[in-house]
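Residue numbers (numbering that gives the first Met the number 0), protein chains in the order written: chain A, 0 to 249; chain B, 0 to 249; chain C, 0 to 249.
Worth flagging that the hints you see were computed from the coordinates, not collected in a lab.
One thing to keep in mind: the hints can contain errors.
Copies of the same chain look alike in the list, so a pair counts if it works inside one copy or between any two.
Quick list of in silico lysine-lysine cross-link-like pairs, BS3-like style, CA-CA up to 30 Å [unchecked claim]:
(1) K241 with K192
(2) K241 with K128
(3) K212 with K128
(4) K39 with K212
(5) K244 with K128
The residues making up each chain are set out below.
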Amino acid sequence: MTRLIHETAIIESGAKLGHNVEVGPYAIIHRNVVIEDDCKIGSYCELGIETSLGDGSPLIIAKNSNIRSRSTFYESSSFGENLVTGHSVIVRENTKAGKSLQIGSMSDIQGDCSFGDHTRMQSNVFVGKMSQIGSFVWLFPYVILTNDPTPPSNDLIGVTIEDFAAIAAASVILPGVKVGAHSLVAAHACVTKDVPSGAVVGGTPAKIIAETKDIHLRNDPSQSAYPWTQHFHRGYPDDIVKSWKNQFTK
Amino acid sequence: MTRLIHETAIIESGAKLGHNVEVGPYAIIHRNVVIEDDCKIGSYCELGIETSLGDGSPLIIAKNSNIRSRSTFYESSSFGENLVTGHSVIVRENTKAGKSLQIGSMSDIQGDCSFGDHTRMQSNVFVGKMSQIGSFVWLFPYVILTNDPTPPSNDLIGVTIEDFAAIAAASVILPGVKVGAHSLVAAHACVTKDVPSGAVVGGTPAKIIAETKDIHLRNDPSQSAYPWTQHFHRGYPDDIVKSWKNQFTK
Amino acid sequence: MTRLIHETAIIESGAKLGHNVEVGPYAIIHRNVVIEDDCKIGSYCELGIETSLGDGSPLIIAKNSNIRSRSTFYESSSFGENLVTGHSVIVRENTKAGKSLQIGSMSDIQGDCSFGDHTRMQSNVFVGKMSQIGSFVWLFPYVILTNDPTPPSNDLIGVTIEDFAAIAAASVILPGVKVGAHSLVAAHACVTKDVPSGAVVGGTPAKIIAETKDIHLRNDPSQSAYPWTQHFHRGYPDDIVKSWKNQFTK
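Bound-form chain A, shown alone (with noise of 0.2 Å):
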C-alpha cells in the first residue's frame, strides 16, 4: 500500500482529513482546514493559514480536489467538489466558491470574493477583494479585477462577472464594473464602464467593437464562436453539456 500522507508532510493535530486524501512532501495542514474524501494535496502546499480577517470558520475544500503545489491557502474559505489549482496559487480568507473551480498557477485570490459553479481561470489572475463572478465564467492570464476607485481608500467596490463571461488575457476590469453574461472582453482591454450582455469590447478605455454571435472561428469559419457552449465542451459534465446542446436546437 502507497502511504498517502507523505512523511514529510506536516498535519496539525484538529485538522479533518477525509478517506483516501493524499497530501505531497513538505505540506503543511494546519489545524482549522476541513479536506473532503478523494483530494490530493501536492508538495510544498500549505493549508489553513491563520488570519483574525476570517470568521473563524475553517477551510473546506470539498470532495475530489486536486490542489497542485506550492499553493497557499487560509482559513475561512470553502470550495465546492472538483476544485482544481495550478501552482503557487494563493487564496485569502472568507471566498464562497461553488463546484469545479479552476484556479490557474500562480493566481491571487484577495479575500471576500465569491465563485458559482464551473467557473475557471487561468495562469495568474488576480481576483480583488469583494470580486463576485458568476458560473461558467472564463478569466485568461493575467486578468485583473480590481477594487478601489481612488486608491489608495476605504471606499471598496468589488467587480462583478455574470455567468459565460470570458475576459481575454492580460484585461483589466475597474471597481464595480459588470461584465454582463456571454460577454467577451477583449486582451489587453480596461473596462471601465458596465459591459452589455452578449457584447464584444476592447481597448482602453474597452469600447463595444462587436455582438459575440458576429465572431466566427477561426477553423471553421461557418460556426459562430459563441456563445461558447455550443462547441466547447471540455471537462464539463455530460448533463451539461446535453442542455447546452438542447437549448440551440429547434
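Given the coordinates of chain A, work out where chains B and C should sit on it, guided by the hints.
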C-alpha cells in the same frame, strides 16, 4: 514553551538571529543574514542567497518584521523595522529600504533599488533594477517599473517615484521617468514622460487627465479623494496621521 | 567533501543524475528525469512531474544548467546545455529548447513550445501553448504570448517570434501573430497582426512607429541601438560575438 525555530528549518552557522525570532517549517536562513528582534519568518522562506553582484554585506531585516511564506531574499540588501511581505516575494541584492515597507505577494524587486519609509506595494509589482522610490508611495497590483530605454542594452536608467504618489493597477512606467509627488497614475496606463506633482495621468501613452484635487470619493462626493492622507490612515503611526491632519487644518 | 545532494532532497529511484550535480534542500526529483553533468538544482525545486499530456519521455536538463529555487518542471520536455532559470518558474510538458535558454523568475511556459538557442526571458513571462520562439530572442517582464483567437475554444494557434526580436515589458502578442526577425515591440503594446522584420511597433492595437535602425542609444546618440548585437554582448560566447562584429565590418 513554543519552540520558535521549527525543527525542520535550516539555520546556517553565521546567521545572526535576535530575540524572539520565529522561523517556520522548511525555511532556510543562510550565513550572511542578520534578523533583529521580534521578527517572524514564514514557512519555506529562503533568506540570504549568495551573489557575486552584492557588496558582501549581510541581508539585514530590522526588528518587528514579518516575512510571509515562500519568500526569497538575497544577501546585501537591508530593510528598516516593520517590514511586511506577502507570500512568494523575491528580493535581490543592493536594495536599501526605510521602515514599514510592505511588499505584496509575488512581487519582484530586482536589485539596486531604494525605498523610503512607509511605502506599500500590493501583489505582483515588478521593480526593475535602479528604481528609486520615495516614502508613502503606493504601487498597486501588476505595476511594472522598467529601466532599459532600448532593450536589450547596458544603458539602464531607473524610474523615480516621489513621495505620496499612487500608481494604479497594471500600469507600466518607462525608463528614467519621474512620477511626481502626490500624483496619481490611472490603471493600465503606460507612462512615457514625467508626471507633474498632483497630476492624474492615464492612457497609452499616458496624458494628464485631471488634477488629483478634482477627484472625489465615491461614497462621499463632498470630499476630495486626494491627498489621500486626508481620509486613509490604516496602519500608519498615530504621530504621522496627526501631522497629516494638522497640515490641512487652519 | 561537500555533499552535493542535500540530505533533505528526495531523489526518486529511476532519476538519472550526472557527475557533479548539486541538489538543494527540500528539492524533489521524480523518476523520469535526466540531469547531465555539472548542473545545479536549487532548493524546493520539483522536477519531472508526471502528466498524461506528455509523450512519456523524460525531462532532460543538459549539462551545466542552473535551475534556481522553487522551480517546477514536468516530464517530457528537454533543454540544451547552459539552461539558466530564475526562481519559481513553471515549465510544462512537450517543450523543446536549444542551448543557453534563460527563463526569468515566475515565468510560466505552458507546454508544446519550442525555443532556439540563446533566447532570454525576464521575469513573469507567459508563454502560451504552441508558441514557437527562435534564437537570440528577448522577452521582457510580463510579456504574454497567447494562443486562442476565440476564447475559450479548441482552435489554438501559437505565436511565432523570429530570431533576434525583442518584445518589451507588458506586451501581449495575439494568437497566430508572427513577430519578425530583429524587430522591436514597444512596452505595453497589444500586437494584433504580423510585425515586419526590423520594424518597431507600439500601442493598442500595435502600429509601426519606426524602423529599429532609427533608434539610437540614450548614452551614445551617435550609435544606433539596433541591431542590438552591435553593442550588447553580455553572456554570449566569444565566437558568436565575433561573428556579430564581423557582420557589420566592411
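(request) Go through the numbered hints given earlier and state which of them the structure violates, listing their numbers in rising order. (result) 1, 4
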